[in-house]
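Visitor: Starting from the known structure of chain A, arrange chain B on it as the hints suggest.
Top line first, the protein sequences correspond to chains A and B. Each residue of the first sequence is one higher than the last, beginning at 1 in my numbering. Each residue of the second sequence is one higher than the last, beginning at 1 in my numbering.
Please keep in mind that the hints were generated in silico from the structure rather than gathered at the bench. C-beta atoms are modelled at their ideal positions from N, C-alpha and C, and glycine is treated no differently. Don't take every hint at face value.
[To be verified] Where chain A lies over chain B, by a calculated footprint (3+ residues, C-beta under 8 Å):
#1 168 to 175
#2 333 to 344
#3 557 to 566
[What the hints assert, rightly or not] Cross-link-like lysine to any residue pairs, in silico, SDA-like; alpha carbons within 20 Å at most:
#4 B/Lys224 to A/Ser325
#5 B/Lys568 to A/Gly579
#6 A/Lys330 to B/His168
#7 A/Lys224 to B/Ser325
#8 A/Lys330 to B/Glu221
#9 B/Lys5 to A/Ala597
#10 A/Lys375 to A/Phe288
#11 A/Lys47 to B/Phe598
#12 A/Lys568 to B/Gly579
#13 A/Lys5 to B/Phe598
#14 B/Lys568 to A/Gly584
#15 B/Lys330 to A/Gly174
#16 A/Lys568 to B/Glu590
#17 B/Lys468 to B/Met509
#18 B/Lys224 to A/Met323
#19 B/Lys507 to A/Gly328
#20 B/Lys224 to A/Leu326
#21 A/Lys177 to B/Arg324
#22 B/Lys568 to A/Phe288
#23 B/Lys5 to A/His595
#24 B/Lys568 to A/Glu582
#25 A/Lys177 to B/Asp337
#26 A/Lys507 to B/Leu326
#27 A/Lys224 to B/Gly328
#28 A/Lys177 to B/Asn237
#29 B/Lys330 to A/Met589
#30 B/Lys330 to A/His595
#31 A/Lys507 to B/Lys568
#32 B/Lys330 to A/Glu590
#33 B/Lys330 to A/Lys568
2 protein chains.
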Amino acid sequence: MPDYKAPLRDMRFLLHEVLNLDDHYQRLGLEEVNGELVDAMLEEAAKFAANELSPLNRTGDEEGCRLENGQVLTPKGFKEAYARYVEGGWPSMGGDPEYGGQGLPSSAGMPVSEMIGTANWAWNMYPGLSHGAVATIEEHGTDEQKATWLPKLTTGEWSGTMCLTEAHCGSDLGLLKTKAEPQSDGSYKLNGTKIFISAGDHDMTENIVHIVLARLPGAPEGTKGISLFIVPKVLVNEDGSPGERNGVECGSIEHKMGINGSATCVLNFDDATGWLIGPENKGLNCMFTFMNFARLGTAIQGIAHAELGFQGALEYARERLAMRSLSGPKNPDGPADPIIVHPDIRRMLLTAKSIAEGGRALVYYASQLGDIVQKSDDEQERKEADELMALLTPIAKAFLTEAGLEAASHGVQVFGGHGYIREWGMEQNLRDARISTIYEGTTGIQALDLLGRKVLMTQGAALRTWTKIIHKFCKEHEHNADLAEFLEPLAAVNNEWGEMTMAIGSKAMQNQDEVGAASVDYLMYSGYVTLGYFWARMAQVAWEKLENGEGDQDFYRHKLATARFYFKRILPRTAGHKGAIEGGLDCLMELDAEHFAF
Amino acid sequence: MPDYKAPLRDMRFLLHEVLNLDDHYQRLGLEEVNGELVDAMLEEAAKFAANELSPLNRTGDEEGCRLENGQVLTPKGFKEAYARYVEGGWPSMGGDPEYGGQGLPSSAGMPVSEMIGTANWAWNMYPGLSHGAVATIEEHGTDEQKATWLPKLTTGEWSGTMCLTEAHCGSDLGLLKTKAEPQSDGSYKLNGTKIFISAGDHDMTENIVHIVLARLPGAPEGTKGISLFIVPKVLVNEDGSPGERNGVECGSIEHKMGINGSATCVLNFDDATGWLIGPENKGLNCMFTFMNFARLGTAIQGIAHAELGFQGALEYARERLAMRSLSGPKNPDGPADPIIVHPDIRRMLLTAKSIAEGGRALVYYASQLGDIVQKSDDEQERKEADELMALLTPIAKAFLTEAGLEAASHGVQVFGGHGYIREWGMEQNLRDARISTIYEGTTGIQALDLLGRKVLMTQGAALRTWTKIIHKFCKEHEHNADLAEFLEPLAAVNNEWGEMTMAIGSKAMQNQDEVGAASVDYLMYSGYVTLGYFWARMAQVAWEKLENGEGDQDFYRHKLATARFYFKRILPRTAGHKGAIEGGLDCLMELDAEHFAF
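Only chain A is shown next, with the shape it has when bound in the complex (with noise of 0.2 Å):
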């Protein structure tokens, strides 16, 4: 497994240079923050990342979680490493400092989540899954709910699950069977089975406080029926102190592909204690809070391990000798040449590369506009950033995962044989990976819900508010002519993007399932032209700063490298996405269900 290091030059790049977080901060009145505490965050996470996690990543792998006695052990030094990491104060970043949190805005600390993530991404399961459960609490939560539950969570003596799927749903949680029954001291009686829940249980903290979604009796059918409801795994007396054990068991762990390291639970409800959070029937629009935060939380993924295959890859292509150059030798001393001389490895590491530099330019925006809805006085802008982050964050969830699985496989393939051995760790990245595209709602749940609920059923608003933002970049910097050879071809798929919607909305109105046939082409599309966007902004900069001959000229040149590559090899993957959504519908539906096969 490659040791990982931060890229803190890069996210430095991206944070003061192409998004401005000083300005950003000013702009929203928030003194407790600034680009300078950002700075000395990033280079204690980087640290904590590399030399307390890295180590853990392949380790924890190969020796996974074990459950016993109904207690899951998780694998050697990931306690400690957790202990630690409460230590430092990390789980407290973005809480609430009513309950004990440091406030910090979302953009303080996606860099640090995005270091713990691509160090080690099965250990980060564990503290990911707490942020989820802190927000529910913190937004839906009566006053003592928060009092009772939040301190300890803020901190990370406890941790926090989301418990949604059962055996029979994931996807379609109006399926879901778990009851709570209402109890004359106004707790609930909860039973049931939910799967698949990460981080359910383990040796790490004192107490797990649970998101539940179950229906109260006589509870309309369908997601209309869900409620939602804080079952914590060891009850809580009336001083604060742990009382009894409550009815929540751990029946089995999953062995899984990957993320070997983060335990997946089946959880068995038995009359297990809980209470009731947010008004009843009303749970799953409670937690959409969550899960648009666990979704952009999600789309780190993609780029961890775009830059953990990068890295290793990187490194190895530096090393190993193999053929000459096609053009005549380059290391006409030794044997044969490094293959990073090789076009196609070139080829696999920067395309890696491009994910990597532009997701994170994508996710840092994005939690920008985070702070924006939690923390701006104007109404206007909350709601123009809201609906904005609710366009980006299917893409940045879905394109993001899709695009780190090819860099990861990439990753894989420029070791040769040895990228499929375990030693090297580029096979596990590729099996951690896996998991990225189907957690937290499918690829093609998010490209339905883009293309559905976020630009169809919206009229286009957000989309066009987003193609403004791309066209007005053009525009402004149109005068330029070194910036031709980006600016060009930006404008013209997100000219195209909105007519490919334009059209996919006409073919819908005739039949619904167009929508589902376009959807997943269409989200890649939209994720390509996203993340040009983003190239073009970052080429913007590099390009002024040698202009201006200021700072590291190498790393600007270089910048503007990687931008062109993305422009000239990766951007016209929307031509498939764009043919591919314009073959249709009815070559899909054509075949009954039972011939699909003879």
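Guide: Chain B in isolation, oriented as in the chain A frame:
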């Protein structure tokens, strides 16, 4: 793991209705084989695959191989299945009748290999590698060598390997270091270490015959100083009885991402006795016999994982209930619709199906070319078939394994979260598939072979032959308006393929690295066009049967529908690859190796 059921109807459609096996054998004057015989073999092989091998696929992955006291032990049941394979006479199908083989042409063995490989690819690696050793000895061995080694290799009593790779060289065999010292008795002593030797040791046969690449004293450096040796695990006495153990030992076995039931060995040659096969220093040329064979064998792996992923996902998609069709409920009495109603699920299923069925056509066709090369009396016909096969082999190997990998990944995706869990077997199918784009020449190596050696170095001769065949087919049926939806897009990409080749060729005259920059996208483009040709041929046959009201009309209607899907939704990918090719070389080479990351 899905239980594999051989798609016999589809195989027969191809062999008899599309590729006219009886005519093909008659033209070659092969009296010992006909369609009926092949059909009977298919039935038996399907049973063997389903009953003996499919049940060991999942258990073999879980258990893996062990190395105990220098001896590899294969997973439970592997050895017994191999014994029944030998009993059934399967190993000898293609062997030389002079040494106990049945002398069947390669087209007769191809569907059998496909079934065995699809049922259990890891198991298939043991007999699969033997075929290569047999072919090498048949072609390059002396009569004495043939008499010594072929009889027991042909029956499967012994197995064979190919020992090429060393730790520092895989793609670039010119760097290999294993040494062979001539001895006074005409034998050689070999010393060195080989890695990644599939079936390098196991417990299935009493002897293993290694074909080893090594250097003679004073041999020229690089690829022109490599010779080929026969090195058995156990020496053979004059009377043919097993003699002393030779100096070949398995030092360790690799822990891999997949194909865990296949032992991937480090083999230490320590004064191992061997015999030169073929001329001195011409070992690599001799190896090409085997390599082409192995490459087509690996092409099957693309079909195998596409087919197995498709079979598993289809069954799941028909049964799993989730959400309602956007165009209205299709299962109104149930709690939700089966997911096969959703267009995006169908897109994934049909992608896998169209790759498996299209790939099968390509590989069966190539195996008929192999028959012509081996059996035709007409020198001109042999030469043409050989050239065409040389062109199609890298396409079949690299394109089908890349496409198979995609299809295997769709298989996981259709299962949602369950796809990531080991017990369902879909993730194993993906892990097993991942090696296929690496071994027997990576996709990058195949792409250079295609564009560099097979296309540009021949001034496009073989490509012209192939595009003319496609052109002729389009012309022949252009009067048929019902086929226009297939023939028009096929003719268009077929023309574009030629033009694009010319453009790359002229750029490559300026800089040879342009070949490497274009190669993989060019290979994928070539694959999509080539599969398009086979889909058009299948569509034409299906159309004719429907017109004439012959046979199972449902089968032909659905074959036509799948062809339609391929042309509408898959072939448009060529546009993305074309765009990437036009992106050219410069953007790949602009970055300095030391500045890929900061």
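Visitor: Compare the structure with each hint and give your call.
Guide: Hint by hint, here is what the structure shows:
no. : hint                 : result
1   : 168 to 175           : holds (count 7)
2   : 333 to 344           : holds (count 8)
3   : 557 to 566           : holds (count 6)
4   : B/Lys224 to A/Ser325 : holds, 18 Å
5   : B/Lys568 to A/Gly579 : holds, 8 Å
6   : A/Lys330 to B/His168 : holds, 18 Å
7   : A/Lys224 to B/Ser325 : holds, 18 Å
8   : A/Lys330 to B/Glu221 : holds, 18 Å
9   : B/Lys5 to A/Ala597   : holds, 11 Å
10  : A/Lys375 to A/Phe288 : holds, 19 Å
11  : A/Lys47 to B/Phe598  : holds, 17 Å
12  : A/Lys568 to B/Gly579 : holds, 8 Å
13  : A/Lys5 to B/Phe598   : holds, 10 Å
14  : B/Lys568 to A/Gly584 : holds, 8 Å
15  : B/Lys330 to A/Gly174 : holds, 17 Å
16  : A/Lys568 to B/Glu590 : holds, 13 Å
17  : B/Lys468 to B/Met509 : violated, 25 Å
18  : B/Lys224 to A/Met323 : holds, 14 Å
19  : B/Lys507 to A/Gly328 : holds, 16 Å
20  : B/Lys224 to A/Leu326 : holds, 18 Å
21  : A/Lys177 to B/Arg324 : holds, 18 Å
22  : B/Lys568 to A/Phe288 : violated, 36 Å
23  : B/Lys5 to A/His595   : holds, 15 Å
24  : B/Lys568 to A/Glu582 : holds, 8 Å
25  : A/Lys177 to B/Asp337 : holds, 17 Å
26  : A/Lys507 to B/Leu326 : holds, 14 Å
27  : A/Lys224 to B/Gly328 : holds, 19 Å
28  : A/Lys177 to B/Asn237 : violated, 71 Å
29  : B/Lys330 to A/Met589 : holds, 13 Å
30  : B/Lys330 to A/His595 : holds, 17 Å
31  : A/Lys507 to B/Lys568 : holds, 16 Å
32  : B/Lys330 to A/Glu590 : holds, 15 Å
33  : B/Lys330 to A/Lys568 : violated, 44 Å
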